[in-house]
Amino acid sequence: MAMADHEAPKSFNLGMLIYDTRYRSMTIQIVVLILFMLGAAWLVDNMLSNLAALGKPLGFKFLSDTAGYDIGQRLVEYSSQSTHARAALVGLLNTLLVAALGCLLATVLGVLIGIARLSKNWVVARLMTVYIEIFRNVPVLLWIVFAMAIFLEMFPEPKEFKGENAVATMDLWNSVILTNRGFFIPNPQFFAGSMVVVLVFVASLVGIIFFGRWAKAHQERTGNILPTFWIKLGVFIVPAVLAYFVMGQPIGLELPGFEGRGAIGPDGEIITKGIFRVDADRGIHLRGSLMALCLALSLYTAAFIAEAVRAGIMAISKGQTEAANALGLRPNRTMNLVILPQALRVIIPPLISQYLNLTKNSSLAIAVGYMDVTGTLGGITMNQTGREMECILLLMLCYLVISLTISAVMNWYNNSVKLKER
Amino acid sequence: MSNYSFVRTEMLSELPAPRGETGIIRWARDNLFSGILSSILTLLSIIVVVYVFWQFIPWAFQSSLDHESRRICFDDPNITGACWGVIGDRFNQLMFGFYPRSEQWRILLAAVLLLVAIAPILFDKLPRKMIWFSAMYPFIGFALLWGGTIWGPIGALAGFAVAYYAHKVLSSFVGSLGATIGSVFICLLWWFFAVAAIDGWITSAISNTRVEGQISALEESIPGLEVAVTEQAALEPAFAVLIDPLKEPIDAVEQEFEAAEDALAELIAQMAENENSVSDAAMRSALDLVFQTQLATSDAKRALRGAEDDLEDAEDRTGAAERELKDANKFLNELQGLPDLREELAGLEVELDVLTEGLPSSVRGVNSLTSVDEDVSTEDRESLGDRLDVKSSLVAKNGSLWRIQLHSGLVGFEPIKSAKFGGLAMSLIIGIAGIAISFPLGIVLALGRQSDMFIVKTLSVGYIEFIRGVPLITLLFVASVLLNYFMPKGTNFDILLRVVIMVTLFAAAYMAEVIRGGLAALPTGQYEAADALGLDYWKSMQLIIMPQALKIAIPGIVGTFIGLFKDTTLVSIIGLLDPVGLTIAIRGDSDWNGIVWELYLFIAIMFWVFTFSMSRYSMYLERKLQTGH
Amino acid sequence: MKKSIFLGTLAAAGLVAGFATAGTLDDVQANGVLKCGVSTGLVGFAAPDANGVWEGFDVSFCRSVAAAVLGDSDAVEFVPTTGKTRFTALASGEIDMLARNTTWTFSRDVDLKFTFIGVNYYDGQGFMVRKDLGVASATELDGATVCIQTGTTTELNLADYFRANGMSYEPVPIETNAEAQQQYLSGACDVYTTDASGLAATRATFEDADEHMLLPEIISKEPLGPLVRHGDDEWADVVRWTLNALVSAEELGVTSANLAEMSAGTDNPEINRLLGTEGSLGDMLGLDADWAARAIAVAGNYGEVFEANIGEGTAIGLSRGLNAQWAQGGLIYSPPFR
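From first to last, the protein sequence lines stand for chains Z, E and X.
Numbering-wise (my numbering), the first sequence opens with residue 1 and increments by one.
Numbering-wise (my numbering), the second sequence opens with residue 423 and increments by one.
Numbering-wise (my numbering), the third sequence opens with residue 1052 and increments by one.
Honestly, the hints are just simulated from the structure, not real lab data.
Even glycine gets a Cβ: it sits at the ideal position worked out from N, Cα and C.
There could be a bad hint or two in this list.
[Said to hold, decoys possible] Distance condition first, Cα-Cα at most 27 Å in a straight line; then the derived DSSO-like pairs of lysine-lysine: (1) E:Lys590 - E:Lys961; (2) X:Lys1164 - E:Lys911; (3) Z:Lys61 - X:Lys1182; (4) Z:Lys61 - E:Lys911.
[As the list claims (entries may be wrong)] Reference listing, derived: stretches of chain E covered by chain Z, where coverage requires no fewer than 3 residues with Cβ under 8 Å from a Cβ of chain Z: (5) 467–475; (6) 725–739; (7) 884–895; (8) 1033–1047.
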């Protein structure tokens, strides 16, 4: 019986690129790469020639032109004489601000709602279910518009604070003004000697961390549980307060106030000039658009986070709780030491994508007049300069960098809490 | 057996549980007031709910359902809340956009067929053969919604058959992989070049056979249409006459109303001076008078409005008849002009040939005067300019010819331009098209991301992370302002198509992640078993992996669809008239300028109903597919 | 033709514009429809009614152009555009002309490469305040919170004005009129600024219109007009002279009521030239003789269109002001038809 010759052909031939599994994947990859590069080159070539035909070749010089428009909400110095690039930066910082505040608020709300939904209390559980179903099933654009309108209706306008018999009054011992233009809160002022207070405060924070470690080690060594919370709280407050009084109260609060016709001036006289309004130079102004946007985004996202939290807690099998109870752990320690650490691993991946969603949804800020990066770079700058291509590419780049950073940080955190398999 | 008389011989009947341990009280104590915190929360929740309803109910229900403008709502004393008339007035628009009313059944039919098409995917008890219908649905849906010749969609569908036979024929020559590549190439050629030509050829052939009959039919029907217009116009005066007599009494009743109000005000002023100077009876009768005259005024106004509406309707009917006549006349003119148009075309072509002959060969192919080399003589420039002019009008005349032939030789539904799409129908079309088209793309991307091939994997990951890293709104900006820049100069995609393309690219990235989740959820044993059976990659994917992975992924796909459907509201920002975009358009009508809440609330409820039912369905699926315990 | 074959299936489905030539006029005639970019909804200027029929001042002009070119005032495809999308829609050929309250500025004309064919409404940026704010002039607005409708030249004018007068302000930029209106009415802004016509239209819809007033200052010139792509003079001429025909018709006393009568021929040679009974003006444009008569027949002359859509008889109630004929002290002026 003649054996078939199974030896691979010694010399290389072209057919092998397709039929030989050793080379096939390489061939496919190269073909895909070539196709991709051809496609990309075709698109870019079309774009360049189209832009050239319109007389606006690709270029980013316009970013150094004067922007010409004003932005109310800004974290860095900016005026209408600044450049478009500066306007884009202001917008970017505003995006980051609303995203950070929104994520924080959404997490707090989401966790509370998620836990409340599992509550034994029938009314609370039902109410939370209704909340979740209503919020996550209506487009976020509508929620943003609704939140702004509710904010506008709920808080008084500045003129209601005017006069002897004002309809509205300041809150929290005359330190906070809540209007539908935003909240005005006190601005801390640092005088000579305030450094000492700050240093003491930082030192006590460091102390708290070390105490926490020591207490844990102590517990592991002796089995005694110290009342760490109260001690930490004491260390947190007492030294700083002491230093504050010892140094002669070097940190003050600049309270917000009113100015314009009808307001009471610094010497108690009644001002007769100008429009009655909250003084822009005193206190910190949290603008209404920021508040409403934050609220809408976090209420919307909280509904999703709540579901993730609920799913996370439910994913922990009942045996875990029972085992913890059998060990004699009290309910709050069961939650802290057994349930939450396990549930977190389930909760964090969806949480990351919710943070990303919230950040991306903040691009709808323009609906309420909050000047985020879509409003400046992708809005007024784009309209005024007519440089759609450059503006949109930059805009995408901004969001891409933010998103990738968030997911990188959160993935790092996720890895650090992940079950360590040994 | 001893006699223990103190032992009961029969069981006592069960006693009711102590009061407070059963029924509603026990339930309330367990579920509402189980502790201090719980009680506080219960009370707080109840207060919140009551407060919200207290604020909302009067606004929602002290309202009007049928007022024709916001001003009328303001003027009506019975209405302190919402003015829902806007919904009644614009309901059709919010649902179907500008789609012609007589054709709206096509949208509804497409929706029903869609349910039929997705049924075999969602319910596995249905016959498998129905999947063929699902595969054909995109083409059927397109032909229904956009209309136009059916040869386009049929031709596109035929591309698959062409590819199939090409594969069959080629595989005997170049082997299976070569055949696959070749058939894809042939399919693309077919779609890019053959379909339009076949469509044009069939349509003009049909048109040629029809023209004679159409001309005589139009000639016959036009006199009848003319009569209809005059008849309708003749009806108008009868309605117009009714209006003036109704106007007259309004002033009188309004004066009465004002007088009654003045009288009442006087009485009140008297009362303020001296409480006893006015008798209760006098006060009551004054109040009655005010009320009655007010009613009379609004009745009179309503009667007038009714008459005016009737007249408007009559005018609308005349307008419709006139439009019909105008269209008929226009079509007739076009048809009768066809021979002339053909002659003109032939003349132009001859002229073009002559001009082309006269040009030096170096500039014959030039398409624009600006791109001519500098060394070309002025004479040649001039004749090139002439040539381009002739060419331009040749293209235009060809366009006219095609348009007329399309009109007369149309087999299929009346074509509807994308500009006519809007409202909820458009949101659904964008959402469904996005999900459906992104599905195969998502599978490819998910497989690419799981692939061992470095370049393929990098490209897939790069694409997915890029799309997931930017907000949809930036992609919609790309659709609205940039996409045309990426196409050869002069290409002009329809805006709806551009949006669908970008939404598809967007959804594909999310879809890929969902499917990857499904792939990852499969135990490795499945992959190994497939390998052990000796299946190659594609076979194992097609027969073993994908069916299971996709089943697991269905709830995720439904979730992606819900998200995408909600996100379609963003198209309003680029000027498409989806329900949210329509609110701007509706406020642009001076009748409804300034109306906000009624519209937004209606839209919110509309979206809620859709997405809530879908999310419930996906939960049901999740439970059904749960194979663990 | 080349690309219509290239994207065959899409072209067959009508999703890619089938024919594109060097001339827009040829395109419009080949497609049998005029694609006109309008606002997504602006009271009095462009909005669809309950039946989906577009109406308004800008819309009416589009219809007149369609009637002149195609002989059918319904052969218009209205493409709603936003402040962002309008220019690219025009530049990419998605629309044949743009009639969307667009201010004629140097940079738009020169840098963005458009041709403004004239001015159909002379507007200016104004301020609206509540009467109880106690402000009689825009120069007293120091420190005010200002709601701005963005996407236009508005925010630039405002920044310039406050800077020139050494005043500070808090800008609240809003994309849509509805949200801006809501912020203004709830008192979150002291002032609302946009084009004066828009302010008047907005104020007319307030429940308590009497408690609001427009300040006397108009801080900018906003000549609003239709525009076309740069470099297609033949098409620009058609659109330009359609507008001029409507204006001339008012000046010469041609109305929708007497149009039929005048089209039969009059003693006034200019009317005859306009309506095509004398001379060959239509021919020069590449249209037939009675193109202008058809344009006027759609909704009457310029004055009639104005009165029907935004004039004093409507809910918006704008007076002619600058937009009166030059003989009545306005700026509306047509070159002669000769």
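Checked hints:
1. Taken as a hint, the Lys590 (chain E) and Lys961 (chain E) pair is honoured in the structure, with Cα atoms around 18 Å apart against an allowance of 27 Å.
2. For the hint linking Lys1164 (chain X) to Lys911 (chain E), the alpha-carbon distance of about 16 Å falls within 27 Å, and the restraint holds.
3. Distance check on the hinted pair: Lys61 (chain Z) and Lys1182 (chain X) sit about 45 Å apart at the alpha-carbon level, beyond 27 Å; violated.
4. With a C-alpha separation of about 25 Å, the suggested pairing of Lys61 (chain Z) with Lys911 (chain E) holds against the 27 Å cut-off.
5. Here's how the region 467–475 of chain E fares: 4 of its residues keep a CB closer than 8 Å to some CB of chain Z, so the rule of at least three is met and the hint holds.
6. Evaluation of the coverage hint for the region 725–739 of chain E: breached, as 0 residues show C-beta separations to chain Z shorter than 8 Å, against a requirement of three.
7. Counting residues of the region 884–895 of chain E whose CB lies closer than 8 Å to any CB of chain Z gives 8, so the stated coverage by that chain holds, three being the minimum.
8. Residue count for the region 1033–1047 of chain E with a Cβ under 8 Å from a Cβ of chain Z: 3. That meets the three needed, and the coverage hint holds.
In this structure, the earlier hints numbered 3 and 6 are contradicted, and the remaining ones agree with it.
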